[in-house]
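One letter stands for each residue in the lines below.
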Amino acid sequence: MAMMEAANRKPFMVRLKSSNLIVHIVLMFFSILALIPFLMLVSASFSSEAGLGKNGYSLVPQDFSLGAYEYLFNDFGQILNSYFITVVVSFVGSGLGLLIMSMLAFALSRRDFKLRKPLAFYVFFTMLFNGGLVPWYILITQYLHLKNTIFALILPYLVVPWFVLLLRTYFAGLPAELFEAAKIDGAGEWRIFFQIVVPLSTPALATIGLFSLLQYWNDWWLSLLFIDDKSLYPLQYLLYTIQSNIDAISQNPDMNMGVVIPTQGVRMAMAVLAIGPIIFAFLFVQRYFVKGITLGGIKE
Amino acid sequence: MSKDANNDKPKSLNRRRFIKLAAGAAIAIPATSALLAACGDNTPTTAASTTAASPTTAAASTTAASSTTAASATTAAGATTAAGATTAASGTTTTAAATAAANLPPVELTYTYRGAPPKDLALVQEALNKLTQAKINATVKLIPIDPGSFDQKVKLAFAAGEKMDLIFTAPWTNDYYQNVSQGNLVAIDDLLTKYAPKTYASMTPASWNAARVNGKIYAILNQQIWVKPWGTTIRKDLVDKYKLDITSLKKYEDLEPFLAQVKAGEGIAPIAIDDQGGGVVFRPEFNGFDSILDAVGVGMKADDKDLKIINMFATSEYKAAAELARKWNQAGYMPKDAPPVADATANFKAGKSGVILHIVKPGGTIEYKTQYGYDFVAQSFTKPILTTAGTTATLTGISRTSDNPERSMMFAELLNTDKDVYNLICKGIENKHWVWVDKANEVIGFAPGLTPQTSGYNPNTDWMFGDQFNAYYIDKSQVGNWPKTAELNKSSTPSLALGFAANTEKVKTEVAQVSALVKQYSIPLQQGRQDPASGLPEFLQKLSGAGMDKIIAEVQSQLDAWKKTKA
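Protein chains in written order, with my numbering: chain D, 1 to 300; chain C, 1 to 567.
Hints may be right or wrong, so weigh each one.
[Unchecked claim] Straight-line alpha carbon distances no greater than 25 Å define the calculated SDA-like cross-link-like pairs of lysine to any residue that follow:
| id | chain 1 | residue 1 | chain 2 | residue 2 |
| --- | --- | --- | --- | --- |
| 1 | C | K419 | C | T110 |
| 2 | C | K236 | C | N481 |
| 3 | D | K230 | D | T202 |
| 4 | C | K119 | D | N74 |
| 5 | C | K319 | C | G535 |
| 6 | D | K147 | C | K119 |
| 7 | C | K119 | D | N245 |
| 8 | D | K147 | C | P118 |
| 9 | C | K163 | D | T141 |
| 10 | C | K352 | D | N55 |
| 11 | C | K119 | D | N55 |
| 12 | C | K163 | C | S202 |
| 13 | D | K230 | D | F76 |
[Unchecked claim] Partner residues are not named here, just some residues of chain C that face chain D (Cβ under 7 Å, in silico):
| id | residue |
| --- | --- |
| 14 | A116 |
| 15 | P117 |
| 16 | D146 |
| 17 | P147 |
| 18 | S149 |
| 19 | L156 |
| 20 | A159 |
| 21 | A160 |
| 22 | Q478 |
In case anyone wonders, no lab produced these hints; they're calculated from the structure.
Bear in mind that the values here come from a model prediction, so they are computed numbers and not experimental data.
All residues carry an ideal CB built from backbone N, CA and C; glycine is no exception.
From just these sequences and the hints, can you work out the full model?
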């Protein structure tokens, strides 16, 4: 971020001061540290199983092969379908969740709200204690009848207490005078929330939104518990089952009938598939992170 | 202006605080979720164990919506009355009155098992239902659950009192003994003899004893190879070249002259070994042991009337085997180092090995041929022993929550005796998934254009669904293997501890420690890579330090208790 700011203000040559250079080298070093394993992962996914076994991982695919992807894309319709489910669940879930959580957090942040304390305690309480897995499972399957529905993948993560408390802390810092002024000008609570609080809180909302999105994107636990229907498998769970099936086959030589599965490569290719689109969410949301920090910094 | 400044300060402070918090969250969330996951792992067991204490209450409270479950499931004995009553009621169905099936009211069963849901599951289920409707007037919903989530899902379903009928169970997945102790499965002794007489008769009474817990049978045995006939499988070209009479081999030592010839003539270390224990010389069943806890070397002499649990590593048989292995290692009959399995396979393919020391089962030489590319001949050294672990490896139970235990048993009878039903669920639909290659000998192949990967239905787990000896052969070379294997099972001698299974819950830590030691010491010792003169005492000493005695005492006390219930 410092780099971006500097680039906006000064020409390149001036920026190359020794102190800056050191910073750059350090930063570059760390980004390379982060990048190399990622590149290795991608390269391994394109290597043949034999090549991997012989030479290990490298930055350039050894013995280039699409075998791993062929194995994964064997049922291409299923992969596409699971992508679709994951995208729907992630965006609907995090969008809806963000709406509900921010409204709840706003209510909790208002000093003039009488039930603030008991309600805040109620939210906080669920962070520490829950009913346990089996009652939760019974609730979802036998009372809400959500088993094998897409709602079972969305509903449980809609309100995350930790995120609510984060947002509440942020909202509590907004000047109460603003709301008073808006009220005097005739704004109702809804208008205050949507036209004053939300625009002032984009960095917070973007951060929580990203957390929530990632939580949905990376989840396979809910589908493990509640989904049997293959047409509702989200991507992570599909990949999890592909992996567990490969393990089952390798433990039971009866099953593979002489078929060689590119185990290592498939594992890597799955990781590539799973991070593919979500990596762009970071790029998109990062803007808000930067903005949030720089705004505060400049005005101070 | 001043107002702005006032406003900004808390705001920017607030933003900073927020960023800090958010960073905290980024760290804390994975941590908490890990914690939660850990808790999640524990919850089902605790919850489940509470239900175990009072299975009836659990049934009553969880299935409030369907209070009939508990009643019908518990009255397994009253199944006849139920069947009788319903016969009268079904007088209305006149169309198919001729068939026996019509005398039964239509029911829907579920069959839950461990396997990836195949693409064409719905088609197979439809075809299956045509058969089952005609035969027992029942439709069956197939519920395969991915191996990775099977245990978790089934545990929850039992804990939540979900309706299920037939379910796959085994000591290694969806734990049979845990299910029995928690009351998840129906005792099926009466159902078995009444509704599945052919299945019951197809196995010896001794083998049914293996599935007994506290004197009752809680699951149907899926027949497959139950015994472990350890022996040797040798490349045919070497056997021919050195004129070995393979039938003359009765024990490991008998191999010695042949090994010497191969070593001299071919310049290779003939015995194939790998770092996972391939090629070890000590095998419990060869020495007449019932290895009750195989991973930690705890077992007993299968014919010991006193049922005395021993540390198999401390026996003279173990020592003799280790000494033999060492001798072979020194003589160069075994490689000096044990490579990873993949390398060992590559070595074998390249002709650097020739002798396999492993189980010799009907059709085994064919499997080795596909694996290594050579023709093989095999000879078993072992008088087969029927052990609990071998016999109960794959089971099918009926859930306590089943509304129709008697009809479930009828379906199980079909799975175990009706070749059409069984092979439909094992292999898929004729002409869609498979075609006859040789109908007289019941050999099938993939339908034209299909491979194991592209077939929409290829679970390839015959042993999951029923009597494997009813499965169609998938290669001509296999013809005749099933009757031979069945004979092997039948001719085996039951261990005197048949039906006993140890519960290691109380000695978990010790089992983990000892099995780590076993991997570290036993494999090198039995591949001759370590000198038993120094290695064996060290091994035994470490074992007692790791709590071997505690495991033995625990298993012995359980075995004594089991003996009392039996007498």
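Here's how the hints hold up against the structure:
1. C:K419 to C:T110: Between K419 (chain C) and T110 (chain C) the Cα gap is close to 20 Å, so the pair holds against 25 Å.
2. C:K236 to C:N481: Given pair K236 (chain C), N481 (chain C) holds - Cα atoms ~20 Å apart, limit 25 Å.
3. D:K230 to D:T202: Violated. K230 (chain D) to T202 (chain D) sits at ~37 Å, over the 25 Å cutoff.
4. C:K119 to D:N74: Holds, because 11 Å separates the two Cα atoms, which is no more than 25 Å.
5. C:K319 to C:G535: holds (11 Å)
6. D:K147 to C:K119: holds (21 Å)
7. C:K119 to D:N245: OK: K119 (chain C) and N245 (chain D) at ~14 Å, within 25 Å.
8. D:K147 to C:P118: Holds, because 20 Å separates the two Cα atoms, which is no more than 25 Å.
9. C:K163 to D:T141: holds (12 Å)
10. C:K352 to D:N55: Between K352 (chain C) and N55 (chain D) the Cα gap is close to 22 Å, so the pair holds against 25 Å.
11. C:K119 to D:N55: Violated, because 36 Å separates the two Cα atoms, which is more than 25 Å.
12. C:K163 to C:S202: violated (30 Å)
13. D:K230 to D:F76: The given pair, whose Cα atoms are some 13 Å apart, holds under the 25 Å limit.
14. A116: OK, holds: A116 (chain C) within 7 Å of chain D, min 5 Å.
15. P117: holds (5 Å)
16. D146: holds (4 Å)
17. P147: Status holds, d = 4 Å.
18. S149: holds (4 Å)
19. L156: OK, holds: L156 (chain C) within 7 Å of chain D, min 5 Å.
20. A159: holds (4 Å)
21. A160: A160 (chain C) check passes; min Cβ-Cβ to chain D is 5 Å, inside 7 Å.
22. Q478: For Q478 (chain C), the interface hint is violated, since the closest Cβ of chain D sits about 12 Å away, which is over 7 Å.
The structure does not agree with the numbered hints 3, 11, 12, 22 stated previously, though it agrees with the rest.
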